[in-house]
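Could you build all of it, start to finish, from the sequences and the hints given here?
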Amino acid sequence: MASIWQLLELHRPALAEAAARERLAVDPTDWQTLLALTEALRQQRRLEEAVHTATAAIQAEPNAHEAHFALAQVLGMQGQLRQADIALRQALRLSHREPGYHAFRAQLFYLQRSYNAAISCAEDGLQLAPAHADCLLWRALSQERLDQPAAADDDFQRLLRVAPESDLVHARLGRVLFNRYQPAAADRHLTEALRQNPALAPELVPLLREARRQQLWPEWLLRSERQGAARRALGLDPGLGMLFNRIRATGAVTRAWWHTRRDPLFRHRLPPNPHSRWRWQLKVWGVVLVIIGGIIGLTALSVQLGLPAMTGLVVGSGLLAIARYLQERRDED
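Counting in our numbering, the sequence shown runs from 1 upward without gaps.
What the hints contain is simulated information worked out from the structure, not anything from laboratory work. Hints should not be assumed to be uniformly reliable.
Unchecked claim - Computed beta-carbon distance windows for the label pairs:
hint, residue 1, residue 2, range
1, A230, V162, 28 to 36 Å
2, A14, W258, 43 to 51 Å
3, A229, R21, 44 to 52 Å
Using N, Cα and C, we set each Cβ at its ideal position, and we do this for glycine too.
See below:
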């Protein structure tokens, strides 16, 4: 068994799967081997098979809290957050002193936007292990969502001392700083995350490119964007002042684009990212609707718009607004 788990730690799940299946051919009810096979399948993202294997491990040994936790992890990766929480609660009932379980529950609550509950779970884990990286991470991210940046910064500083080589920590902190319009600091952490894990390039390079350009923006524009983000977080409209500042900053933004066009970061084509493609299509449809609205505005005095056209324009605008809202929610996660 030790050799199988060693293969899993080295991220060689195919070899681990083969070794686990050899053992299961001798004893199909060995729950520890079923648990290792679940992890091998999870690493290969064969999630349906992993669910069945984790369930078989639970049937073989109902009191094995590790098997319930493995099932919770797989269900979480499938997006079945409530079912994952049910499995996780069973794992916690069997073993309440595993800080990793509390950290994972904090993550589940965070993904469901129950930030206070996430903080509570993370603190339960920190009582068991004060330097547990995952507990610190999900508490910091939840505090950021609750507009508690000072508390979030304290936890991120502790995280950087506890896990300085964690690509996840640097990537998450880089995103937080990017959303705060602190591009220089975001640049440092996003760059470090990519250095540690180049596979994150499709996700992080677009943010890093934008942060690189934002560093050339004037401070008043960054301050305006910060204020607008703060108002949006409170559910308020950013106001006409922010729109005026964006129009006023057209020249500065163009100069930033011009000065970074030869930066090596902008030269390499990224692998296709479905989120980026969706965002691009959304922008295209937005431009189309703006153009249509402008044409209608120019011709409204001479052409009477029919009911079907009016309905189509209203429905299109509504769908665009819904799509933008869903995109922002997905980007936050």
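Status of the hints after comparison with the structure:
1. A230 with V162: 28 to 36 Å: Holds, at about 29 Å.
2. A14 with W258: 43 to 51 Å: holds (48 Å)
3. A229 with R21: 44 to 52 Å: With Cβ atoms ~51 Å apart, the hint holds.
In this structure, every one of the numbered hints holds.
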